[in-house]
Each structure stands twice: as structure tokens, then as C-alpha cells.
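**Student:** Under the working numbering, residues 15 to 294 are what the sequence shown spells out, in order.
In case anyone wonders, no lab produced these hints; they're calculated from the structure.
Be careful, since some hints might not be right.
Stated by the list, open to error - Distance condition first, Cα-Cα at most 20 Å in a straight line; then the derived EDC-like pairs of lysine to aspartate or glutamate:
#1 219 x 196
#2 219 x 230
#3 219 x 273
#4 219 x 135
#5 219 x 207
To be verified - Cβ pair distances, simulated, as ranges:
#6 97 x 74: 18 to 24 Å
#7 22 x 202: 49 to 55 Å
#8 121 x 30: 25 to 31 Å
#9 78 x 215: 38 to 44 Å
#10 31 x 245: 24 to 30 Å
Ideal Cβ placement from N, Cα and C applies to all residues, glycine included.
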Amino acid sequence: MPDAAPLSELAAFARRNDPDRFLCALFAPPEARETLFLLTAFNHELARARAATTNTMTGLIRLQWWREVVEQAAANTPPRRHEIALPLAEAIRAGRLQPEELMLLIDAREPEMEEEVPSLEALQAFLRGTAGGYAVIAGRILAAPPAAMPGLQAMGAAYGMASLLRGTASLAAQGRCLLPVDLLGQHGLTPADVVRDPRAPAISKLGRHMAAGALESLRHARASLSGTLPRGAVAAALPGRLASRDLRFILSASWNPAEPPPPRGLGDRLAVIWGGWRGL
15 MPDAAPLSEL AAFARRNDPD RFLCALFAPP EARETLFLLT AFNHELARAR AATTNTMTGL
75 IRLQWWREVV EQAAANTPPR RHEIALPLAE AIRAGRLQPE ELMLLIDARE PEMEEEVPSL
135 EALQAFLRGT AGGYAVIAGR ILAAPPAAMP GLQAMGAAYG MASLLRGTAS LAAQGRCLLP
195 VDLLGQHGLT PADVVRDPRA PAISKLGRHM AAGALESLRH ARASLSGTLP RGAVAAALPG
255 RLASRDLRFI LSASWNPAEP PPPRGLGDRL AVIWGGWRGL
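Construct the entire structure; sequences and hints are all you get.
**Tutor:** Written out as C-alpha cells, the structure is:
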């Protein structure tokens, strides 16, 4: 078990805004945890670029602001005064975070600014770049070997898919739908239909189809990481433990896309703890 040291401001921010990844980061070596908390906080800010506005242009401006934060840090110019921008600049200048990696994470968020996701392939690419990109950077921070990166990216993308499906009702309440247009069309639905009434049986059927594919990808990713992921890098793969539980819940008869997801419970925490102790 990780030690119970007092939380830093970054750790508290990560726990408040992304408790899943915060919990997983606790199983990283102590010297790497603050960098993971910072990465988690930065990732949250990028996610907010779309969630905090209904205007596509405003979301793109928010992403550009973060590009400039990274560029300024890489150029060693004075950082902007912001609770995440300041430590981010320090981490870049210290070599703990790579500006090229952070730029890729920013770029990966751009498709989220669009009103619709055109296809399953587009959604999968988005998840590989966002949640998968986060997992790759976390793996690099924890000295995972290059051979482990594809598995970490796939595992992160599966976690992203699970989170998206679990959040169907919450997104609909915000007037948003990230389910792919091509698959919705096969069921006679549009994104507007999902926003209007996520209770339609076809939405459950579609969500379970997507969950089954993500769960299969997760199994392959876990198999590919077996024997290649050093003990100190296991924390980068731990969101896969939560993804497995979430996807299985979505595949069960208990899942209702019109209802908010159940809160994290003891079983979720134990799954992460067991993975952190046993490895994957």
C-alpha cells in the first residue's frame, strides 16, 4: 500500500477532479507521484475545454491557451499564473514532462469540439489519443519500456470507452452525445435522439456492443503487457482494472444508459489495490 503522507495541492486537485486516476497514481513510486498528479490535473483541464462551454470556438481557444502554456515553458519564458500552468512549466523545464507529448494530448482533444462523432473508427482514434495518450505519458514517467506503450495505450483507450459509456446520461443532460453517428444510424437513431431520450432500448444495445469490443481490446492489451511492464510502471495500467469492472457492468442487465453511473465502491478500490499489489 502507498504511504499516507499529507496531500499536496496537486494531489488534492487530482483527487477532487479525477479520483480514478488519483487512486491509481498512489501505487506509483513515491518520487513519480507528483508528476502523475500534475499530468492528471493537466488532462482534466484539457477535458474541461469542451465540457465548460457549449461553443466550439471557445473550446478551441481554451486548447490554444494550453498550447501556449506548453510552448512558453519549452522556450523558458515566464509561465502564466495558473494553479496548473505554473507547476506544468516547472515540470517541463525539469524534464519530468515532455512538451511534445503534452502537445499530442492537446491535439487529441480537438475532435471533441465537434458536435458529432462520425464513426466508431473516429471515436476509437479519439480515445487512443486522449485516455490512451494519458496512459502512454504515465508509462513514460514510470520508465515503462517502449514495447509496453501500445498495450498501455490500448488499455487507456478501453478505460476511456468505459467512462464515455458510463457517462451517457450525464452527457445527454449537457446536450451532448459522443456515440458514433454511423452506429446510431444502423439503429435508426441520431445523436439528437440520444440527448432527447437516452432510455431507448437501441441505445443500450449499441452501448453493450461497444463495451464488448472494448473489453476484448482490454484483454489483448493486458496479455501484451504481461511480462513486459516493470513493477514500478504498474500504476500506468491500473485504470484498466476499473475499465474491466465498468465494461462488465455495462454488459450486464443492470446497466441503464439513462441513469447516472453508480458511485465507485469498495469493490472498485479493492480491484485497484489488488492490481497495484499483484501487478496488472
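**Student:** CA of residue 219 to CA of residue 230, is that 20 Å or under?
**Tutor:** holds, 17 Å
**Student:** Could you see if the CB distance from residue 97 to residue 74 stays within 18 to 24 Å?
**Tutor:** With a Cβ separation near 22 Å, residue 97 and residue 74 satisfy 18 to 24 Å, so the hint holds.
**Student:** Holds or violated: 38 to 44 Å for the Cβ distance of residue 78 and residue 215?
**Tutor:** Since residue 78 and residue 215 have Cβ atoms about 41 Å apart, the given range 38 to 44 Å holds.
**Student:** Does residue 273 lie within 20 Å of residue 219 when you go C-alpha to C-alpha?
**Tutor:** holds, 15 Å
**Student:** Taking 24 to 30 Å as the hint, is the beta-carbon distance of residue 31 and residue 245 inside that range?
**Tutor:** Because 28 Å falls inside the window, the suggested range holds.
**Student:** Quickly compare the C-alpha distance for residue 219 and residue 196 to 20 Å and report which way the hint goes.
**Tutor:** With Cα atoms ~14 Å apart, residue 219 and residue 196 stay inside 20 Å; holds.
**Student:** Given the hinted pair residue 219 and residue 207, is their Cα-Cα distance within 20 Å?
**Tutor:** Measuring from Cα to Cα gives roughly 15 Å; hence the hint holds.
**Student:** Run the distance test for residue 219 versus residue 135: straight-line Cα separation, threshold 20 Å.
**Tutor:** Given pair residue 219, residue 135 holds - Cα atoms ~18 Å apart, limit 20 Å.
**Student:** Between residue 22 and residue 202, does the C-beta distance stay in 49 to 55 Å?
**Tutor:** holds, 51 Å
**Student:** So the hint says 25 to 31 Å: do the beta-carbon atoms of residue 121 and residue 30 match that?
**Tutor:** Holds, at about 26 Å.
In summary, this structure violates none of the numbered hints.
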